[in-house]
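Going line by line, the protein sequences match chains B and W. Counting with the working numbering, you get residues 1 to 87 for the letters of the first sequence. Counting with the working numbering, you get residues 1 to 87 for the letters of the second sequence.
Since the hints were made in silico from the structure, they are not lab data. In this text, all values refer to a predicted model and were calculated from it rather than measured experimentally. It is possible that some hints are incorrect.
You can't tell identical chains apart in this list, so a pair holds if it fits in one copy or across any two.
[What the hints assert, rightly or not] Here are the computed lysine-lysine pairs in the PhoX-like style, where the Cα-Cα straight-line distance is at most 25 Å: (1) Lys44 / Lys12; (2) Lys51 / Lys80; (3) Lys19 / Lys80; (4) Lys16 / Lys44.
Given next are the chains, with one letter for each unit.
There are 2 protein chains.
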Amino acid sequence: MFVIVVYDVGEKRVVKALKRCRKYLNWVQNSVFEGEISEANLTKLKMELDKIIVPDEDSVIFYTLRSTRYSDRQIMGLRKGGQDLII
Amino acid sequence: MFVIVVYDVGEKRVVKALKRCRKYLNWVQNSVFEGEISEANLTKLKMELDKIIVPDEDSVIFYTLRSTRYSDRQIMGLRKGGQDLII
Numbered sequence: 001m002f003v004i005v006v007y008d009v010g011e012k013r014v015v016k017a018l019k020r021c022r023k024y025l026n027w028v029q030n031s032v033f034e035g036e037i038s039e040a041n042l043t044k045l046k047m048e049l050d051k052i053i054v055p056d057e058d059s060v061i062f063y064t065l066r067s068t069r070y071s072d073r074q075i076m077g078l079r080k081g082g083q084d085l086i087i
Numbered sequence: 001m002f003v004i005v006v007y008d009v010g011e012k013r014v015v016k017a018l019k020r021c022r023k024y025l026n027w028v029q030n031s032v033f034e035g036e037i038s039e040a041n042l043t044k045l046k047m048e049l050d051k052i053i054v055p056d057e058d059s060v061i062f063y064t065l066r067s068t069r070y071s072d073r074q075i076m077g078l079r080k081g082g083q084d085l086i087i
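Bound-form chain B, shown alone (with noise of 0.2 Å):
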């Protein structure tokens, strides 16, 4: 499945959080990461970065796109990080 997982977590984290998440997904953005995912890495994921958050001071969205043949990306500007072909 196609994930987009974005986090905003304090200055302290960000590292952290960004290597977790470059352990899986792609970077495309500051805080904005997506790609193919298994449920077993997604699920390993979610723990690692349930382990560095700090709950009522940082956010983690996750969304899941089972299938992308309803969806497609379109980016306006600079492509800063990603793949090509995607969704």
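Position chain W relative to chain B; hints supplied.
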């Protein structure tokens, strides 16, 4: 259709970008908006943002979900914004 917009724009343009997105979508996190939007309004939003951003400095990504039947959204930590029932 449901849209997720993530932007990474220069500091001088952030407030303008935020105001344009807030006209059409729900703020959910720093530089992240989401919500149901018509094709016409999405086109308007894109045109308005296109006038604001500096293409070789700023980046805006539009994830468009024509059906939310195959997607879901999960929040970890703080729920900063957005509506309750979305996808």
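Verification of the supplied hints:
In this homomeric assembly, Lys44 and Lys12 come within 25 Å of each other (Cα to Cα) only inside a single copy, at 22 Å, whereas the closest approach across copies is 38 Å. In this assembly of identical chains, the alpha carbons of Lys51 and Lys80 lie at most 25 Å apart only when taken from different copies (20 Å versus 28 Å within one copy). For a Cα distance limit of 25 Å, the shortest separation of Lys19 from Lys80 qualifies both inside one copy, at 17 Å, and across copies, at 23 Å. Only within a single protomer do Lys16 and Lys44 lie at most 25 Å apart by alpha-carbon distance; the minimum there is 15 Å, versus 37 Å between protomers.
The structure fails none of the hints (numbered hints given earlier).
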